[in-house]
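Spelled out from the first residue to the last, the chains are:
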Amino acid sequence: MTTQAISVPRPEAGSGDGPRGRGFGSVLRAEWIKFRSVRGWVIGMILAALLTIFLGAFAAANANIGCQINGGPPKSGKACLPYIPHGPGGEIVTDSFYFVRQPLTGTGTITAEVTSLTGEHANLSSGPAQVGSSMVPGLAEWAKAGIIIKQSTHQGSAYAAMMVTGSHGVRMQHNFTGDTAGMPGAISAAHPRWLRLTRSGDTITGYDSANGTHWTQVDTVQLTGLPSTVQAGMFATSPGYTVTQNSFGGTSNNGGPAQATGVFDHVSLAGRAPGSTWTGTAIGGGGPAEGGPGPGGGGSVPFTRNGGSYTLTGSGDIAPVTPGPNSPLPTVTIGQSLAGAFLGLIAIVVVAAMFFSTEYRRGLIRTTLAATPRRGAVLAAKAVVIGAVALVTGLVAAVISIGVGVPKEENSGQVLLTAPLLTEVRVIVGTAAMLAVAAVFAVALGAILRRSAAAITIAVVTVVMPFLLTALNVVPAGVGDWLLRLTPAAALAIEQSIPRYSQVTAVTSPVRGYYPLSPYAGFAVLCLWAAAALALALVMLRRRDA
Amino acid sequence: MQATIEVSGLRKRFGPTLALDGMSFTVQPGQVTGFVGPNGAGKSTTMRVILGLDAADEGKATVGGTSYASLRQPMRVIGSLLDAGALQPSRSARNHLLWLAHSQGLDAKRVDEVIEQAGLQGVARRRAGGYSLGMRQRLGIAAAMLGNPAAIMLDEPFNGMDPEGIVWMRGFLRSLAAGGRVVLVSSHLMSELQDTADHLVVVGRGKVIADTTVASLLAAASGDRVTLRTSARPQAKAVLENAGATVVASGQDVLTISGLAAERVVALLSALAVPFSEVSAHRATLEQAYMELTKQAVEFRPAGFDADAAQEVPQ
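Chains U and S, in that order, are what the protein sequence lines are.
Letter 146 of the first sequence, counting from 1, is numbered 146 in the working numbering, and no numbers are missing.
In the working numbering, each residue's number is its place in the second sequence (first place is 1) plus 1000.
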C-alpha cells in the first residue's frame, strides 16, 4: 500500500443535528444496506422461499390416486373423482342419505315421532377397516335420522332438517353448515322424540317435543330462493365411524363405513299434493353401507313400512366435507400447499437472529451505536428491515407455492377444499405476515442473547419445533394442542383455510390443516411473543454497556 | 464549530475493578492530544463513555458542550475508531462505509472521497474479512472521517501498522490538527506519540496523572542530571555535595549528579582544580519521562525474572 498525499478538508460548520425529519429514515436505510451487503443473509432468504415452494410442490407430487371403476381400464388422478356437490354457500359438501319423500307445494308441515336410532359400523377393534370386514352394532356420534324439507333431490340443494343424532341429541340443521341444538339426550322407545318442520315461503321453522303435545321451537331459518314445490319426508344417514387412539408418542385415527337406521311413527305431512305417496330414494348413493355380510350389510332393505311405522337405513352424511380419514373425497386445503412454510421459517429465523447477534460477535455493535446513539431506533430499524424482507419473501413463496402446488394436487386427483376469496387472501398474506413477525421475534432474541447460537436455538425451538412435534405425533395430541396455543408456533393457525364444523367428526390435527386456535388468535399469540421480546430487547439494549 | 471534548469526574466500576476513578481532562482543538497510559489505565473505557457506549457511574463527558447521546448525526461532530476489527467479515469495505454514511444522511459520493483519502481505492469492493490489520486501520480512519467531523478520537491507531503506515498516520494526525480539529489519540506506547502529539494526558489507574504539553513534560522529567567522569571521585563528590547537589557513584570513575546544571559543575570543579575528563548533561526521552510518571500506576507488572535462576533449570 502506498503512502498517500494527505489532504484533509476543514471541518464543516455542521451542527450534528443534520436535516430534520429524516432521522429514522436514515437509520432504516443504513440497516437495509447492512442486510443486503451480506451475501449469506440474502441467500438465506432466497433459500427460505425455495424451501417453502419445494416442500409444497414435493408434497403435491407425492400424492397419486388411482382407481378402476366397474372393471374398466385403470385410471388415475382427476379421472377418479366422483361428482362433487357444492352447497348453497359454495362449499364442497357430502349429500348422501336415504330419503323417503313426497312433493310439498306452498305452505305445509311435516311431523314425525322417531322411536329408535340404531346403527352398525365396520369393526375397528383390530386396526383399520378392511374391505369386507364385518359390521358391529354401534352409532357414529353424528349418525342422524329425522325429517327434512329439501329444494330438490339434487345433491347440494338447499334444505332444512330436524333430526335425532348418535350422541348430540336433537338438532336442527340447514344448508350443510347451519346447526342448532334442540333437546338433549339419547332416544329410545320409552323416550322418543317428536320432530316438526313448518314451511312458509322461504322460512322453515323446526320444533321438538317429548310427547307430541308440548312443542318447543328449536330454530327458524331462511332458505333463499326455495321453489314453490319442494321435497319433504324422512331420512337416515351416518358418516363413517372414527376411532382415535391417544397414546404416549402418538395419536392414530382409524375410520370405516357405518350406517344408521331410524324408526318413525305418527308421520304426517300437512299440505301435500293429493294422491301422492311415499317414495324411497338413495340420494348420492346414500343407501345402506356396503360393509359386508351381516344384518346391515349390502343386502339390507333401505326402507320398510309396517302400518304407520317406517324404518329407514342409510349411510353417507349431509354435511360440509372436511379433511380426515372419513372424508368421502381425497381433500387438500390451500393451507396444506403452504406446508413448506415452516421449513422456510427455519431459514428466516436463523438469518433474523444473526442480523443482530453477529454485531456483538465482532464488536460492530459499538460502531452501530456510535453512529446512532438512539438505541431504540437501531432495534426498530433492524426489526422493520428484517420483517419487511421476510414479508416479501413469504408473499413470493406463498403465491408460487399455491400457484404450483394447487394445480398439481388437483391433477393428481385431490379435491381442493375451496375457501372464500378473503380467506385465501388471509392464508397467503397471513403466512407472509407470520414469517415477518417470527423474524422480528428472532431479531429481538438476537439482541437479548447477543449470541447467534443461543438466539437461533431458542427461535427454532419455540417457533418451529412445536409444529413438528405435533405434526409428527411425537407428543400426544393434547400436549400438541397446548404447544400450538401457547408457543409462537400458534401463528401457524393463520394457514387454516377451512372452518371447524362442530357437526362433523373431523380429525383436527395440524397436518390436516386444523389448529387449536382460530387464525387471528394464533397469529396474535406470535405477535405477543414478538412484542414481549422486543420490549425486553429494548430495555436490555438501553441498560447494558455496548 | 467547536467540538472540544470534556471529561469531568468519570467514575466507573466493573465488578471489583475500579476502571475509572475521577477521570477529568479537556481536549482542545488545533493540536494532537496524546492519551497515554499503561494497559488497563482506563483509556478505552473513557473513550467508550465519551461515545455514550458505556454509562459512567458518576461524572459526565461532553463533545462541543453536549452529550454524545443527544447528537442526531454524531459522526458529523466527532469521528471515532475504537476497534479496527469491528467489521462484518463478509461485507465489503465500501458497503461498510455506505451504511455508516446513510446513517448520517451522507451519500455514496462522500464514501468514495474517504476511500480515496485512506488509500483504499483498489480494495474497497473486497470483503473486509480479508483485510490486514493495517488496512482495517485505514478503513476505520475512513469511517471516522466520513462526516468530516470537527473532532476525531482514535484508540490505538498505530497497532498493527507497518512503518510506512505509521508515517502515514502521523502525517494524517498532524494535518487534522493543523486544520483546527480536536484530535485525541490513545496509545500505551509513548514512543508512538513522540513527534506527533503536542499535548499529553497521561493516565494510570483510572485517573489523570499528568495533563501537560510534551515540552514541559520533557523538561520536568529530564531535571538536571549530569554524568561526570573523574579520576578524583571522593574529592569531586565532596565539592559538589557542598554546593547542594545529590551525588551518586554510578560506576568506576563515574558520578551522577542531580540538582546542579552541567555548567555549574564544570565551573565548580575548574575553580577548585578537581580533575575530570567528561561532563555530559542528560535529556530524558519522552519514554523515560512517561515510565517515571506511570511507575506507580502500572496495573500489571511481570514477576521478577531471575537470569541466574533460569540457568539452574536442569537440562
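Keep in mind that a hint or two might mislead.
To be verified - Examples of chain S residues toward chain U, derived with CB under 10 Å:
#1 1051
#2 1068
#3 1070
#4 1074
#5 1075
#6 1090
#7 1095
#8 1098
#9 1143
#10 1209
#11 1210
#12 1227
#13 1230
#14 1231
#15 1232
#16 1234
These are computed hints drawn from the structure, not numbers from a lab.
Computed from a predicted structure; not experimentally measured.
Ideal placement from N, C-alpha and C gives every residue a C-beta, glycine not left out.
*Can you name, in rising order, the numbers of the hints this structure does not satisfy?*
Per hint list: 10, 11, 12, 13, 14, 15, 16 violated.
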